[in-house]
Amino acid sequence: MLAETLVGDVLQRARAGGADYAELYVERWRRRALRVLSDEVKEATSGIEYGAGLRLFYGTEVVYAYTNDLNPQSLLEVTETLVKLKGNAGQVDDLGRGGLDFRKAVAQGLHAPQIPFTARDKRYRLERIHEAEAGAQVGPQVKQVQTNLLEWDQEVLIATSEGTWAEDHRVRTRLYVTAIAQDESGMQTGVVGPGLSMGLELFDRYPPAEVGRQAGLQALTNLRAKPAPAGTMPVVIGNGFGGVIFHEALGHLLETTSVAKKTSVLSDKLGEKVASDCVTYIDDGTTLHGWGSQEFDDEGMATERTVLIENGVLKSYMVDKLGGMLTGYRPTGSGRRQDYTFAPTSRMRNTFIAPGHTPKEKLFEGIEYGLYAADMGGGQVRPGSGEYNFGVKEGYIIRKGRVEEPVRGAMLVGKGPDSIMKIVAVSDDLQTGAGMCGSLSGSIPTEVGQPHLLISEIVVGGQA
Amino acid sequence: MTFEQARDYLLQKARAMGIDAEVLATHSRELTVQAHGGKVEEITQATQGGVGVRVVVEGKTGYAYTEERTPEALDWVLAEAHENALLQSEVGGFLPVGGELGRHDLLGEGLSAPLEHKRQAALDVESGLRADPRMRQVQMTRYSENETQAALGSTQGVSGAYRNGYGALMAYAVMGEGGSLKQSFELDISKEFHSLDPGRTAQEFIQKTGRLLGARPLKTGRYKAYFEPKAFGQLLAVMGMFMLSAKNVLEGKSLLSGRIGQQIASEIFTLVDDPTLKGGLASRPFDAEGTAAKRTVLIENGVLQTFAHNSETARKMGVENTGHASRSYKGVLGIAPTNLFVQPGEGVKMDNGIVVTDMMGLHAGANPISGEFSLQALGLKLEGGETAYPVENFTVAGNFLELLSQISALGTELEWHPMMGIVGSPMVEVAELSFAGA
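Protein chains in written order, with this note's numbering: chain A, 1 to 464; chain B, 1 to 438.
Don't read these hints as lab results, they were simulated from the structure. Hints are supplied without guarantee of correctness; some may be wrong.
[Stated by the list, open to error] Computed list of lysine to any residue pairs in SDA-like fashion (alpha-carbon distance at most 25 Å, straight line):
1) A:262 to B:215
2) A:143 to A:157
3) A:86 to B:146
4) A:86 to B:102
5) A:122 to A:206
6) A:362 to A:315
7) A:315 to A:364
8) A:42 to A:32
9) A:86 to B:224
10) A:122 to B:86
11) B:330 to A:364
12) A:86 to A:13
13) A:262 to B:206
14) A:226 to B:13
15) A:84 to B:47
16) B:330 to A:143
17) A:415 to B:215
18) B:13 to B:102
19) B:316 to A:182
20) A:400 to B:438
21) B:224 to A:231
22) B:60 to A:119
23) B:13 to A:28
24) A:422 to A:231
25) A:42 to B:156
26) A:362 to A:304
27) B:60 to A:130
28) B:13 to A:32
29) A:415 to B:178
30) B:191 to B:281
31) A:269 to B:184
32) A:422 to A:443
33) A:122 to B:73
34) A:422 to B:215
35) B:60 to A:86
36) A:42 to B:332
37) B:219 to B:438
38) A:400 to A:443
Since this is a predicted model, take the numbers as computed values, not measurements.
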C-alpha cells in the first residue's frame, strides 16, 4: 500500500530522533452495511477507511500519531511532529542509520474468502436477507424482523524498525438478525448473529433462513417468559455465545493491558491455581475462518494458539509487544486495534473453554432450583475488582433437575475469580459465537465459546 | 485534495449525474497525554477526516463515505451511494432545501495552552489520586482534547460550517480498603483548558469511589431509590432517548408510539433538549442536515410533547422538525440529543432506601425496546436519612416508563455528564424499585 522506501524513511527518521522502536501501521478498509427492517432496506452504506498509525517507543513510553493523509510529505511531517512531542527535535542519533532490511511476510490466505468483496451484486445480498426475514416468521406474534449484513475487506501493512514487514488481508462477514415479537404482555426480542472470517459463503455455513428461524423462536420464548427470579442459585450456562461470561470474567483479566499495571486481580499468578480443575481456557488466533482470526496481529507478529489456563492452572497471559516489555512475558501475537486511529494493546482473538467430559444432561441432575442461561447477551467487567455483569438473552428455570418455564430479564453478576472457582462441571459440546469487544484499543471482532457448564452458585438479578 | 475540495468535487459530479446530493466533510485534530507512574507514558497526536455523501435518486436515499480523497475513491463513493439508493424500496426521500448557514466558531482559543501545561495536568491528576492512602492502582490519568471542523453542503443550496471542541481530564483507578476493591473512572470536560482542575478531578474520584469501599451485599427486596445525577443520566441516555427518537417510533420500536399529549411520567418531570445553551458542550448552530438549532421541550410536567425529529421523520409524521438530525461522515441520518436535561425540582429529602451511584452493563442489561432493565449497580444504604453503609453485588431492575411515573422528588441542582450527547439531571427519587442481591 505504501512504497518500501517511504516506509523505511519514516521509520528511520523516528529512530534518528531517538525512538528505540518505531512501527507503522497502514490500512485500507472497505466496508458495506445493509440494514433491512420488515422487507424494507432501511440503510445501505459503503465506505473506505484509509489511514496510517505511527507508534514510537522511548523505553516503555509511547507516542502515537495517526492521519489519513498518506502522501510522502504529510507522513514525514507527522513523523517530525511526533519526534518533536518527545522534545528530541534537534537530536540526530546514529540509531537507524544504514537502511532497514525488511523481512517480508505476506498472508498465506488461510482465511481467504471464496466469494470476494467485489463479487455478486447487491440484489443477491438482499435476496439472502429476505430468506432470513422469512425464516424469522415463526408465529403471528413476530411483528418485525431486522437483519443486518456487514462485509469488511481490510488490507493492512505493518512495518517496524526491527525489520518486520507483514501484509495481511482480512475479510469478515456477519449476518445479524433481530426478531421482535409482541402480544398484549409486551414486546420481546430474539437475536442471532453469526460471523466468520470469510466472504458471502457465510450463507453456506449459516443458511439465512435458519438464522432467522432461531431469532424468531427466541423472541417467542421471551414473550411467554415470566420475569426472572432474583437471588443466589446454581446456573447452567449454554454453549456457544454463553462463553461471553468468561470473556468478561476471565479473559479481560488475562490481558497484559491490565496485568502489567497489576490492575488485574490475576496479576502475578502464573503457575497458580486460579480456576477449578475442569477449566481449560484457550485463546486461538489461528482458528480457520474464526471471526477473531487473522494471520498477523496488528503489530506484525504471526498469531498463535495460546493456552491460558490448563486444568485450572494459569499458564499464560495474552501479551502484546509493550506488555511483553513491561512484564517480561513472551508476546503471544495478541496486539490488536480497531483501526489506525488506535495504538494496539493486548486483546482476545477466539477465546473458549475447552470441552470437558460431563454429558450435558448430567449438568442439570441434582439441581433443586436454578437457572438455565441458554443464550447470553453482552456484558462488562472491571478488571481491578473482577466485578462483572452480563445479561441472559434466553433463560429457563431448572426445577428438580428439569428445564422448565422460560424467564426473561435475568442478569448474572459476580466477581470473576470467585465464579471460575465455582465451575463444577464442563460438558463436551463446544460451540462458538461472534461478538464485538470494546476496550482501550477500540472495538474489535472476537469470538467467544464454551460447552455447556455448571456454576454452583451465582447472583441472579431479576425482578424480586 | 483538501476536504473542501473533495466536497466541491462530489457536488459537481452529482449535479452532472443529475442526482441530489448532500456532502458532510469533517476534519478533526486530537491530542491525548496519558500519565502513569509519575511519567507521561503515552502521547497521541492525530488528524482525521472524511467525507460522507447522502444522495437521493428517484426518491430513494443512499449513503457512502471515504477517508481516501483521490478522484478514484470519490467516484467509487458516488457510484456506491447511487447503487445503495436504488436498493431501497421506500420512496419519498428528499434533501431539505436550505441556504447559507454561515461559518461559526464555538471553540475560540479555549484549548490554546502550551503542551507542557497539558502534560502537567495529566501528571497532576495522578499525583492527586496517589495522595490518598487507599489508592491501590492508578491505571491511568489522561488529558485529551478534540477540535472538529464540520462543513455541510448540498445541491439544494445548504452551505455552512462550524468549529467546535473540548478538553477533558480523566482518571481511571482502583481504591482499596482491607479486602474491598473498587475500580472507577472520573471524567471532567470543558471548552476551556484553564477551567479544568486536576486537583478537583482527583478529589471527585476519591470522594465518589472511596465512599463505596467496605461495601456489603444488599438483601433482595423493594426499596426506595435515589438516583444520583450520573446514574439517572445513564438510564435516560440509553432508554429515554431511544424511546423519544421519532426514527424508532416510525420503526415501531418505541413504547411511546401514539402517546403524544398523554401523561407518561410523574407530574414533576420535565425533559428539555437545548442545542442553543450558551457554553453547552453539545451546543451547535445547526444540525446534520442544516436545520437551525432551537430549544425543544420533550416532556412537560409528565406529558409527552413531541418526539425528537429530523426532516425525514418530521415529514413522515406531518409535524414540525425539531432539528435533531445527527450524522457522522461514516454514518447515516439519525436522531440524537444535544444538551438533554431534566428540569431540577424542589429538593429530595433523604430518608430510607438505596442511593444508586453508578450502574454497569447498560448495553446488555437495559432493553430500550421493552423498557425493561436489570442492571448491576453500586450504591449506599440509607437508614433514617444517614448513609448506613455502601452496598455492592446487586442489581436494580424495573421498567423505565414505570420508573418515570414513580418519580416522587427531584433535587435542586443540575449536574451534567457526557453520555451520548451531554445529559443533565438532578438527584432523582423513585418511590419503589426492585433490588436483587444476596
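Hints and how they fare:
Note on residue 262 of chain A and residue 215 of chain B: the hinted pairing holds, with a Cα-Cα distance of about 22 Å set against a maximum of 25 Å. For the hint linking residue 143 of chain A to residue 157 of chain A, the alpha-carbon distance of about 46 Å lies beyond 25 Å, and the restraint is violated. At roughly 20 Å between alpha-carbon atoms, residue 86 of chain A and residue 146 of chain B fall within 25 Å of each other, so this suggested pair holds. The suggested pairing of residue 86 of chain A with residue 102 of chain B is violated, with an alpha-carbon distance near 39 Å, which exceeds 25 Å.
The suggested pairing of residue 122 of chain A with residue 206 of chain A holds, with an alpha-carbon distance near 19 Å, which does not exceed 25 Å. Taking the CA atoms of residue 362 of chain A and residue 315 of chain A, the gap is near 29 Å; set against the 25 Å cutoff, the hint is violated. This hinted pair does not check out: residue 315 of chain A and residue 364 of chain A have alpha carbons roughly 30 Å apart, beyond 25 Å. Pair hint residue 42 of chain A plus residue 32 of chain A holds up; C-alpha atoms about 14 Å apart against a cutoff of 25 Å.
Our distance criterion of 25 Å between C-alpha atoms is broken by residue 86 of chain A and residue 224 of chain B, whose separation comes to about 53 Å. Restraint check for residue 122 of chain A and residue 86 of chain B: satisfied, since their Cα atoms lie roughly 10 Å apart, inside the 25 Å limit. Distance restraint check for residue 330 of chain B and residue 364 of chain A: the Cα-Cα separation of roughly 48 Å exceeds the 25 Å cut-off, and the hinted pair is therefore not satisfied. Restraint check for residue 86 of chain A and residue 13 of chain A: the C-alpha separation of about 14 Å stays at or below 25 Å, so the hint holds.
With a CA separation close to 20 Å, the supplied pair residue 262 of chain A and residue 206 of chain B stays within the 25 Å bound. Straight-line distance between C-alpha atoms of residue 226 of chain A and residue 13 of chain B comes to about 57 Å, which puts the hinted pair past the 25 Å bound. Pair hint residue 84 of chain A plus residue 47 of chain B holds up; C-alpha atoms about 16 Å apart against a cutoff of 25 Å. This hinted pair does not check out: residue 330 of chain B and residue 143 of chain A have alpha carbons roughly 30 Å apart, beyond 25 Å.
Straight-line distance between C-alpha atoms of residue 415 of chain A and residue 215 of chain B comes to about 14 Å, which keeps the hinted pair within the 25 Å bound. As the CA atoms of residue 13 of chain B and residue 102 of chain B are separated by approximately 24 Å, the hinted pair is consistent with the 25 Å bound. Restraint check for residue 316 of chain B and residue 182 of chain A: satisfied, since their Cα atoms lie roughly 24 Å apart, inside the 25 Å limit. This hinted pair checks out: residue 400 of chain A and residue 438 of chain B have alpha carbons roughly 22 Å apart, not beyond 25 Å.
Using a Cα cut-off of 25 Å, the hinted pair residue 224 of chain B and residue 231 of chain A holds, with the two alpha carbons roughly 19 Å apart. The hinted pair formed by residue 60 of chain B and residue 119 of chain A meets the criterion: a straight-line CA distance of about 24 Å does not exceed 25 Å. Between residue 13 of chain B and residue 28 of chain A, the direct Cα distance comes to roughly 24 Å. Compliance with the 25 Å bound is thereby established for this hinted pair. Distance restraint check for residue 422 of chain A and residue 231 of chain A: the Cα-Cα separation of roughly 16 Å lies within the 25 Å cut-off, and the hinted pair is therefore satisfied.
At most 25 Å may separate the alpha-carbon atoms for a hinted pair to count; residue 42 of chain A and residue 156 of chain B meet this at roughly 23 Å. For the hint pairing residue 362 of chain A with residue 304 of chain A, the CA-to-CA distance comes to about 34 Å; that exceeds 25 Å, so the pair is violated. Taking the CA atoms of residue 60 of chain B and residue 130 of chain A, the gap is near 19 Å; set against the 25 Å cutoff, the hint holds. For the given pair, residue 13 of chain B sits about 22 Å from residue 32 of chain A by alpha-carbon distance, which is consistent with the 25 Å threshold.
Restraint check for residue 415 of chain A and residue 178 of chain B: the C-alpha separation of about 17 Å stays at or below 25 Å, so the hint holds. For the suggested pair residue 191 of chain B and residue 281 of chain B, the alpha carbons sit about 7 Å apart, so the restraint of at most 25 Å is met. Restraint check for residue 269 of chain A and residue 184 of chain B: the C-alpha separation of about 23 Å stays at or below 25 Å, so the hint holds. Taking the CA atoms of residue 422 of chain A and residue 443 of chain A, the gap is about 30 Å. The hint is violated against a cut of 25 Å.
Restraint check for residue 122 of chain A and residue 73 of chain B: the C-alpha separation of about 19 Å stays at or below 25 Å, so the hint holds. Restraint check for residue 422 of chain A and residue 215 of chain B: satisfied, since their Cα atoms lie roughly 22 Å apart, inside the 25 Å limit. A threshold of 25 Å between alpha carbons decides the hint, and for residue 60 of chain B with residue 86 of chain A the separation of about 51 Å lies outside it, so the pair is violated. A distance of roughly 10 Å separates the Cα atoms of residue 42 of chain A and residue 332 of chain B; the hinted pair therefore holds under the 25 Å criterion.
With a C-alpha separation of about 5 Å, the suggested pair residue 219 of chain B and residue 438 of chain B falls inside the 25 Å cut-off, and the hint holds. Pair hint residue 400 of chain A plus residue 443 of chain A does not hold up; C-alpha atoms about 42 Å apart against a cutoff of 25 Å.
Violated hints, listed in ascending order, are 2, 4, 6, 7, 9, 11, 14, 16, 26, 32, 35, 38; each of the other numbered hints is respected by the structure.
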